[in-house]
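Undergrad: Next come the chains, spelled out residue by residue.
Protein chains: 2
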Amino acid sequence: MSSKPSTLKGTRDFGPVEVEKRNYIIETIRQAYLRFGYRPIETPAMEKLETLTGKYGDEGDQLLFKVLNNGDFLSKVKPDLLDQRDSHAVLPQIAKRGLRYDLTVPFARYVAMHQHELAFPWKRYQIQSVWRGDRPQRGRYQEFVQCDADVVGTTSLLCEAEFLQIYDQVFTALGLQVVIHINHRQILAGIAEHFGFGDQFREISVAIDKWDKIGRDKVMDELSSKGLTGDRLPDMLDLYESGNIDSLRDLQPTGTLAEGLAQIDEILSYVDTDAMKQTVRLDIRLARGLSYYTGCIFEVSSAQVDIGSISGGGRYDELTSVFGLKGTSGVGISFGLARIYDVMTELDLFPAKAVKSLDALFLCMDADSLAHGWRMVTGLRASGARVDIYPELAKFKKLMKHADQRGVRRIVIIGEDERQSQLYTLRDMNTGEQQKLSIDDLRSLLVADS
Amino acid sequence: MSSKPSTLKGTRDFGPVEVEKRNYIIETIRQAYLRFGYRPIETPAMEKLETLTGKYGDEGDQLLFKVLNNGDFLSKVKPDLLDQRDSHAVLPQIAKRGLRYDLTVPFARYVAMHQHELAFPWKRYQIQSVWRGDRPQRGRYQEFVQCDADVVGTTSLLCEAEFLQIYDQVFTALGLQVVIHINHRQILAGIAEHFGFGDQFREISVAIDKWDKIGRDKVMDELSSKGLTGDRLPDMLDLYESGNIDSLRDLQPTGTLAEGLAQIDEILSYVDTDAMKQTVRLDIRLARGLSYYTGCIFEVSSAQVDIGSISGGGRYDELTSVFGLKGTSGVGISFGLARIYDVMTELDLFPAKAVKSLDALFLCMDADSLAHGWRMVTGLRASGARVDIYPELAKFKKLMKHADQRGVRRIVIIGEDERQSQLYTLRDMNTGEQQKLSIDDLRSLLVADS
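Here the protein sequences come in this chain order: A and B. The first sequence begins at 1 in the numbering used here and counts up by one. The second sequence begins at 451 in the numbering used here and counts up by one.
Pulled out of the complex, with its shape left as it was, chain A reads as follows (with noise of 0.2 Å):
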């Protein structure tokens, strides 16, 4: 290797703190879902290639990442197809493995494999990253975590109301203020139904999930090039600019629309949205690009800063059938790990004690004050104190610099008047104020900080 060492693009390190703070949060999550019943599982990172296969539509296909074949993987390749350079052909040949793209397909490919080991309703959680090919951008990484929740085998809508109060604790928990916007996918179906676009519900709900980028004129143009026209068509546009849950019961709804209301009234009535701290909104435009969700959508975004959704969910009822589970309705959201991490980072909301800081480093000034430290650093260790020792003997310069570099918030310094007097000099690194202590009162102090 001449070059310097260096990540993927896509890719990145997390160093110590990153990591502390990234796991603060997924603590957070992880309780709430605890606390609600939910269960942890751990899927592999590689799956069948078929197994991924065809469940993210073509782009997504693009996107999976495929792990070579190990040994001579063109052996059994069909010599036609390496001639015509066919790189599509050649794929299933040379890779039958893939890396996971989410935690949803997983899932859906753990339930039908485990079926009859589950307790349905079946509750899960799962904290994972994923990878995704997607072109390397601000924000954007090729490997992220997302923390999921599901629940699968009933169509009970308490399942919704848990989804919303999780939502609340967590974000509160985290010291956030969000919006939680849910929909339903009858909503939007039966919309379309009801301005004559029944056949184009589809079209319609791709168009209509990019209004708050794109504005309404240019959902217009999109709609009317999908073959959209008449009046009808501006007229179901002024509802979803209105964005108004009173247009919607003006137009005095039946079927797939009443369906879709009466699903959300039901939810609602589940939860005290009064006593929550954070905000749900009925947004009509809300419609998530997934095409498994077939009732209730969830989308949650900061009401603080501008960086798009931190959250998503819904209920689909046919997710787990490609595997051969038919009939097993369920509902889940997902937290975006990266998006939340930064919008806290700029709200400046990790408290201290995110951070697993040392609660001490010991320098010492000499070889006996090296001995003596590493006695004491061994047996507070053993009490439980995260407390670390200078291995050598160096200037009392370059011992500070260290302490400084790592960012330590005390230091107990160590020499031969502290060994004859069995005082030892603590400072506060912060305050540079200095006190001195016997080791049972340091021991004291240490360890009721860990």
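No incorrect hints appear here.
Where chain B lies over chain A, by a calculated footprint (3+ residues, C-beta under 8 Å):
id : segment
1  : 7–17
2  : 44–52
3  : 94–106
4  : 126–136
5  : 370–382
6  : 398–409
In silico contact screen, one side only, chain A against chain B (beta carbon under 8 Å); selected entries:
id : residue
7  : G37
8  : D72
9  : R109
10 : E143
11 : L158
12 : G324
With a straight-line cut-off of 20 Å between C-alpha atoms, the simulated SDA-like cross-links for lysine to any residue are:
id : chain 1 : residue 1 : chain 2 : residue 2
13 : A       : K356      : B       : F570
14 : A       : K21       : A       : S129
15 : A       : K436      : A       : D449
16 : B       : K546      : A       : T7
17 : B       : K668      : B       : L687
18 : A       : K21       : A       : V305
19 : B       : K471      : B       : G589
20 : A       : K96       : B       : Y591
21 : B       : K806      : B       : E468
22 : B       : K528      : A       : L81
23 : B       : K546      : A       : R135
24 : B       : K498      : A       : T7
25 : A       : K277      : A       : Q304
26 : B       : K528      : A       : D72
27 : A       : K76       : B       : L532
28 : B       : K454      : A       : M113
29 : B       : K454      : A       : G54
30 : A       : K96       : B       : L541
31 : B       : K803      : A       : E27
32 : B       : K528      : A       : Q84
33 : B       : K660      : B       : E672
34 : A       : K397      : B       : H566
35 : A       : K353      : A       : E20
36 : B       : K660      : B       : G677
37 : A       : K76       : A       : Q93
38 : A       : K96       : A       : G57
No lab work stands behind these hints: they were computed from the structure. Even glycine gets a Cβ: it sits at the ideal position worked out from N, Cα and C.
Go by the hints and put chain B onto chain A.
TA: What follows is chain B alone, placed relative to chain A:
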């Protein structure tokens, strides 16, 4: 997908109880690392192939998982290479990414890349998955978790002593009895030199490392076949057979051997092995295959279950030099999660608290009771209890079967009586014992338990 869904050979799913037990081990290791001043980093699963290639020997290069470039990957391959079906030469043209094979090389890459941000001696721990294309077999997987800690930038033998203490604390906390074998590469080199085989040190290490598996005679055969001859070979093997520190001192060592022994003596002088719960043993037959070790080496085996090494490590002087950072000595250890899990399972050592089961599951007899139970569950969760509710109406038998399948410790039954009296039936599912509790008593019981 017509066939039944499945995972790839060599990979596996982890269900809730497995994940929680694994996390219990991880958390025990993590807390020890933190107490000793180690801080976490995380590196990407995918590294540049050039970062990984050539670091693990030819066999390792074979076992690296390579990730296919996205898009039309064949378009840039030189035609003659395809014609010759030269997998080896085609590889770098179609794959620039690899999955990490261990945590040591990514760590060395990290240190070299971020050297100007780090305060040396620098301590990091890292707990992540690694991937190897080994042939899958019982107890050997293609994806597994390693739990590493390393310190770089100091030659102080206090670091080696710390690892002995970490081993002692971690395995004691897990309830295991282990033997911590230590040796030193200079002892191995010194023995070879002493018997006139200094140039064959590497071959001797490789053969001796297998002693406990294949026995003295086969080690002798292997060394003879490598060109080691003469009377001094059996003499050397006698020494290895005795495995005895006194026989070693009887050689009246000088030079390399004396240095190695002196380092071991110094390390042991820093720890009070009598006070340790685990056994430390100088084991001159311990060699460890990895060629980058230059100083003290460690290996831990269970004293209770014959399963091979459950942790290993050692000092290396030039690990980061391949990435351009020279003269940075380091020492590290790695815990193998899967084997520790297997030993603990065999010995039934997981405490009940390792598994985060529900505090209680609510079962409701009718629609009004379900609404009532839902409000109770909502309040209990907000208070921190881990509770769940069966979210539909169902026959009592079905509800009980669900509670049973789910393995919950306690159920709360709510019917008309309970609603009226506001005294709720709590049943212990293990003992069958029932009691009637008010909501306040229920809350005290369940929240205290969480």
